[in-house]
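Since the structure of chain A is provided, determine the placement of chain B on it from the hints.
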Amino acid sequence: MIAHLPALQVVIPLLAAPACILVRGRDLAFWLALVTTWAAFLVSCLLLDQVMASGVISYELGGWAAPFGIEYRVDALNAFVLLIVSGIGAVVLPFTPRSLLIEMVGEKAYLFYCAFLLCVTGLLGVAITGDAFNLFVFMEISSLASCILISLGPHRRALTAAFQYLIVGTIGATFIVIGIGLIYGATGTLNMNDIAERLPQTGYNRTVIAAFAFLIVGAAIKLALFPLHFWLPKAYTYAPSTVSAFLAATATKVGVYVLIRFLFTVFGVEFSFEVLPTAFPLMLLAVLAMFVASTIAIFQDSVKRMLAYSSVAQIGYMVLGLSLVTVDGLTASMVHLFNHALMKGALFLAIGCIAYRQASFRIEDFAGMGKRMPWTMAAFTAGGLSLIGIPLTAGFISKWYLILAALAADEPLIAALIVISSLLAVIYVWRVVEAAYFRKPPPDAPAGEAPLSLLIPTWILIALNVYFGIETSLPVGVAEHAARALMGAGP
Amino acid sequence: MVDFVGLYNYWIVVFLMMAGLYLVIEHGNLVKKMVGLTVFQAAVFVLYITLGKVRDGTAPIVAEGIEIYSNPLPHVLILTAIVVGVATLALGLALVVRIREAYGTIEEDEIGDQDGPAI
Numbered sequence: 001m002i003a004h005l006p007a008l009q010v011v012i013p014l015l016a017a018p019a020c021i022l023v024r025g026r027d028l029a030f031w032l033a034l035v036t037t038w039a040a041f042l043v044s045c046l047l048l049d050q051v052m053a054s055g056v057i058s059y060e061l062g063g064w065a066a067p068f069g070i071e072y073r074v075d076a077l078n079a080f081v082l083l084i085v086s087g088i089g090a091v092v093l094p095f096t097p098r099s100l101l102i103e104m105v106g107e108k109a110y111l112f113y114c115a116f117l118l119c120v121t122g123l124l125g126v127a128i129t130g131d132a133f134n135l136f137v138f139m140e141i142s143s144l145a146s147c148i149l150i151s152l153g154p155h156r157r158a159l160t161a162a163f164q165y166l167i168v169g170t171i172g173a174t175f176i177v178i179g180i181g182l183i184y185g186a187t188g189t190l191n192m193n194d195i196a197e198r199l200p201q202t203g204y205n206r207t208v209i210a211a212f213a214f215l216i217v218g219a220a221i222k223l224a225l226f227p228l229h230f231w232l233p234k235a236y237t238y239a240p241s242t243v244s245a246f247l248a249a250t251a252t253k254v255g256v257y258v259l260i261r262f263l264f265t266v267f268g269v270e271f272s273f274e275v276l277p278t279a280f281p282l283m284l285l286a287v288l289a290m291f292v293a294s295t296i297a298i299f300q301d302s303v304k305r306m307l308a309y310s311s312v313a314q315i316g317y318m319v320l321g322l323s324l325v326t327v328d329g330l331t332a333s334m335v336h337l338f339n340h341a342l343m344k345g346a347l348f349l350a351i352g353c354i355a356y357r358q359a360s361f362r363i364e365d366f367a368g369m370g371k372r373m374p375w376t377m378a379a380f381t382a383g384g385l386s387l388i389g390i391p392l393t394a395g396f397i398s399k400w401y402l403i404l405a406a407l408a409a410d411e412p413l414i415a416a417l418i419v420i421s422s423l424l425a426v427i428y429v430w431r432v433v434e435a436a437y438f439r440k441p442p443p444d445a446p447a448g449e450a451p452l453s454l455l456i457p458t459w460i461l462i463a464l465n466v467y468f469g470i471e472t473s474l475p476v477g478v479a480e481h482a483a484r485a486l487m488g489a490g491p
Numbered sequence: 492m493v494d495f496v497g498l499y500n501y502w503i504v505v506f507l508m509m510a511g512l513y514l515v516i517e518h519g520n521l522v523k524k525m526v527g528l529t530v531f532q533a534a535v536f537v538l539y540i541t542l543g544k545v546r547d548g549t550a551p552i553v554a555e556g557i558e559i560y561s562n563p564l565p566h567v568l569i570l571t572a573i574v575v576g577v578a579t580l581a582l583g584l585a586l587v588v589r590i591r592e593a594y595g596t597i598e599e600d601e602i603g604d605q606d607g608p609a610i
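Which chain is which? The protein sequence lines are A and B, in order.
All residue numbers for the first sequence refer to my numbering, where the first residue is 1 and numbers rise by one.
All residue numbers for the second sequence refer to my numbering, where the first residue is 492 and numbers rise by one.
Looking at chain A on its own, in the form it has when it is part of the complex (with noise of 0.2 Å):
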């Protein structure tokens, strides 16, 4: 059984996505969804305790030796990852059954959590596999069902929403495949330990290149990295909030796992930064993404709207701890994507608890919302706070690592970028705390509490967000345990 922990990862949850439309009875296919979430989440515990007690797995799908059939292959980045992804699955999920999304889909919600966990399986498969072709195919099916999931959104621009992601997100798949097929002529095989070993010997000529520049403008375009993020404000916007949670908290952190993976273990430092000039574009639209997204999410009159921006600022900060090449950037970068999928899926399931009460999401409605929901308006502004990075939250931790980062990367300058731009979260968080708490609510505003159902996994998410703010072992410990290995692979 525990040898087969890898296949079990990505099996479980494949599954059980079609036995949900099987039983077909709505409360039987979320209990199903509910503990095939929680079952993955357990499998990817394991899988990450015995990665850093023994080192990396490979598993060997159906049997056949590594180059030549699909290789599972597990260390501490990806383990890191899978754990992002079904822990985030196992807290959303719960909130599904009361949220307004159920209640609009009605006795057709079986083909929601069907939806739901195929999402879940692209997911775990991009970040568990070692297979280049087969991280595309994950990558697809994870991208078909969350369009899926952001055209059940209430608005009908949930719709186009969801047609302009499944095009942007197709054309940045597409781009992925035509970098694995180039590099497959190149070196002849697709496994991406082996591609990494036989890249130095076939030298790095065009088809190469050429390569590199379709998988790093394909992943780009899927993470949502600045100017390649058109697609995701307005698919986070009108997506149902639950599925806003999950995806702000998992798919672009897959896609920035896919970016790691492909600079640092597949072309390796040597190629990716030193004979290419990588790492100064990346910090360049990096730091343009913190600072462009940040004030764009500013002058929004959509909360939710702005979290999207907010999002990609987010993303931002990500690229730019890889870009500087250090193991210290590394860790930063990978801390930040565990403690921001903490804070952006908190953030959006209080807007899921809100939308349980009132269907606007623009500012001037949010007034008075401290009084009408006070336990979701504590609980979006602790988001917030951790979103800005204030001492004692999550977000504080991964800003702290990533000046620290760059500091030691003797960048001084990018440092104090990072405390400005981490100003511009302070205004457009205040924009909403301004409202909820120092405006009096409208007379006939809707009041009450969200029910405990949704109440419970944001506050799960809130504390979690606070108990790594001074806790920091795991995250920071993995991710250093990740970034040394994905260092050390180059000279």
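Just so you know, not all the hints are guaranteed correct.
[Said to hold, decoys possible] As a list, the in silico EDC-like pairs of lysine to aspartate or glutamate whose alpha-carbon atoms are at most 16 Å apart:
(1) A/Lys108 <-> A/Asp27
(2) A/Lys234 <-> B/Glu555
(3) A/Lys371 <-> A/Glu434
(4) A/Lys371 <-> A/Glu449
(5) A/Lys234 <-> B/Asp606
(6) B/Lys523 <-> B/Glu598
Read the hints as simulated data drawn from the structure, not as lab findings.
Just chain B now, kept in the frame of chain A:
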């Protein structure tokens, strides 16, 4: 010159790829966007198949007298990619149907005009 003409498959790939991408970006009609996307993906299929071709090679079948044969792996990969492409097309067209029901049009500009400010 021989190299230039000899690689004609790749030139076709590049042409199809650019044509598909251009259709996706340029057209406001959602169905035409899907057509463009399919052409774009088809270009990648041709790229893979071309990569697998070995000069003077035959079909990769185990039989007597066959020494040189094309690499079958890209063919298998592309079978998977075709399935993915079909799924994408189906989902995209389903969304277009839903968009048409909701807005009464599938022209991007006309859809954009119908909605007020963001919620």
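Each hint, compared with the structure:
no.: 1; hint: A/Lys108 <-> A/Asp27; verdict: holds, 11 Å
no.: 2; hint: A/Lys234 <-> B/Glu555; verdict: violated, 59 Å
no.: 3; hint: A/Lys371 <-> A/Glu434; verdict: holds, 12 Å
no.: 4; hint: A/Lys371 <-> A/Glu449; verdict: holds, 10 Å
no.: 5; hint: A/Lys234 <-> B/Asp606; verdict: holds, 13 Å
no.: 6; hint: B/Lys523 <-> B/Glu598; verdict: holds, 10 Å
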